[in-house]
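Given the coordinates of chain A, work out where chain B should sit on it, guided by the hints.
Protein chains: 2
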Amino acid sequence: MTSTTIPESFADLLDWDTKSFAHVATIGPDGAPQNNPVWFDWDGEHLKFSLTTGRQKYRNLRADSRVSLSILDPADPYRYLEVRGELVEIEPDPNIDFISRMAKKYIGKDRYPWHREGDERVVMKVKPVKTTGMG
Amino acid sequence: MTSTTIPESFADLLDWDTKSFAHVATIGPDGAPQNNPVWFDWDGEHLKFSLTTGRQKYRNLRADSRVSLSILDPADPYRYLEVRGELVEIEPDPNIDFISRMAKKYIGKDRYPWHREGDERVVMKVKPVKTTGMG
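In order, the protein sequence lines correspond to chains A and B. The C-terminal residue of the first sequence carries number 1574 in my numbering, and the numbering is unbroken. The C-terminal residue of the second sequence carries number 1574 in my numbering, and the numbering is unbroken.
In isolation and in its complexed conformation, chain A is listed as follows (with noise of 0.2 Å):
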């Protein structure tokens, strides 16, 4: 696996501050893809969003660890960056420490208000392998 970085005129999309969803796609049991929007984190190495192991997606990187995310500029919709990835790492969540950063970063909440007791959340490290610009 190679590794890549973020180019720098596309960085603003991964701030904190910027808030854009990334929609992930994964591959599926069949072969087919997935896809749908999650929050995330750029900590300046990996992507990481939150799972529960009870999610398709969470079995389809089990199987397969190849992802792309696409985001898109949330203040201008002809801005976008696809991040190939592989899932590189997953981390446990046991106190749902990182799914309340992304609460506090995308809704302002200091604790995931929709855990679920039960759901077991772990972390998705995903590692930027090649990107693609627009805009």
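These are computed hints drawn from the structure, not numbers from a lab. All C-beta atoms in this analysis are idealised placements derived from N, C-alpha and C, irrespective of residue type, glycine included. Incorrect hints may appear among the rest.
Just the calculated beta-carbon pair ranges, DEER-fashion [claimed, not checked]: (1) Q1495(A) x D1482(B): 23 to 31 Å; (2) D1456(A) x T1457(B): 36 to 44 Å; (3) T1457(A) x A1450(B): 45 to 53 Å; (4) D1482(B) x E1447(A): 20 to 28 Å; (5) R1501(B) x P1468(A): 40 to 48 Å; (6) A1450(B) x E1447(A): 34 to 42 Å; (7) W1553(A) x D1482(B): 45 to 53 Å; (8) M1573(A) x E1528(B): 21 to 29 Å; (9) D1558(A) x P1513(B): 27 to 35 Å; (10) M1573(B) x P1533(A): 22 to 30 Å; (11) D1454(A) x P1513(B): 18 to 26 Å; (12) W1553(A) x W1553(B): 36 to 44 Å.
Leaving out everything else, chain B in the frame of chain A:
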């Protein structure tokens, strides 16, 4: 291939006036996902979007017709619809009529302003097979 209808409670996300974008995930030649936003039209039966035939996404869909569109409500980021479908037809757009209609929808222009001499435009018609909504 089975067909499906769009759930009534999410049908507004496909409306002309909603001007939502679809993030379109396809499968590349190496089996990895590719994902980026597009303008789209919904005619009640097909989701349609424009491509130039030089695009990787065009080649991907020619090789594997399975596609997933992730559509976020521009007015409520906690509502989204995922439409999985299959490419069922490719229509030529030699006079850029379709992409100009999309320019009307999204940016209020009568004619698509970024057409380049030599670009061959087509309309990709996707039939929904399965939908998943949230929010």
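Comparing the hints with the structure gives:
no.	hint	verdict
1	Q1495(A) x D1482(B): 23 to 31 Å	holds, 29 Å
2	D1456(A) x T1457(B): 36 to 44 Å	violated, 26 Å
3	T1457(A) x A1450(B): 45 to 53 Å	violated, 30 Å
4	D1482(B) x E1447(A): 20 to 28 Å	violated, 41 Å
5	R1501(B) x P1468(A): 40 to 48 Å	violated, 23 Å
6	A1450(B) x E1447(A): 34 to 42 Å	holds, 41 Å
7	W1553(A) x D1482(B): 45 to 53 Å	violated, 35 Å
8	M1573(A) x E1528(B): 21 to 29 Å	holds, 26 Å
9	D1558(A) x P1513(B): 27 to 35 Å	holds, 28 Å
10	M1573(B) x P1533(A): 22 to 30 Å	holds, 24 Å
11	D1454(A) x P1513(B): 18 to 26 Å	holds, 20 Å
12	W1553(A) x W1553(B): 36 to 44 Å	holds, 41 Å
The structure shown violates the earlier hints numbered 2, 3, 4, 5 and 7.
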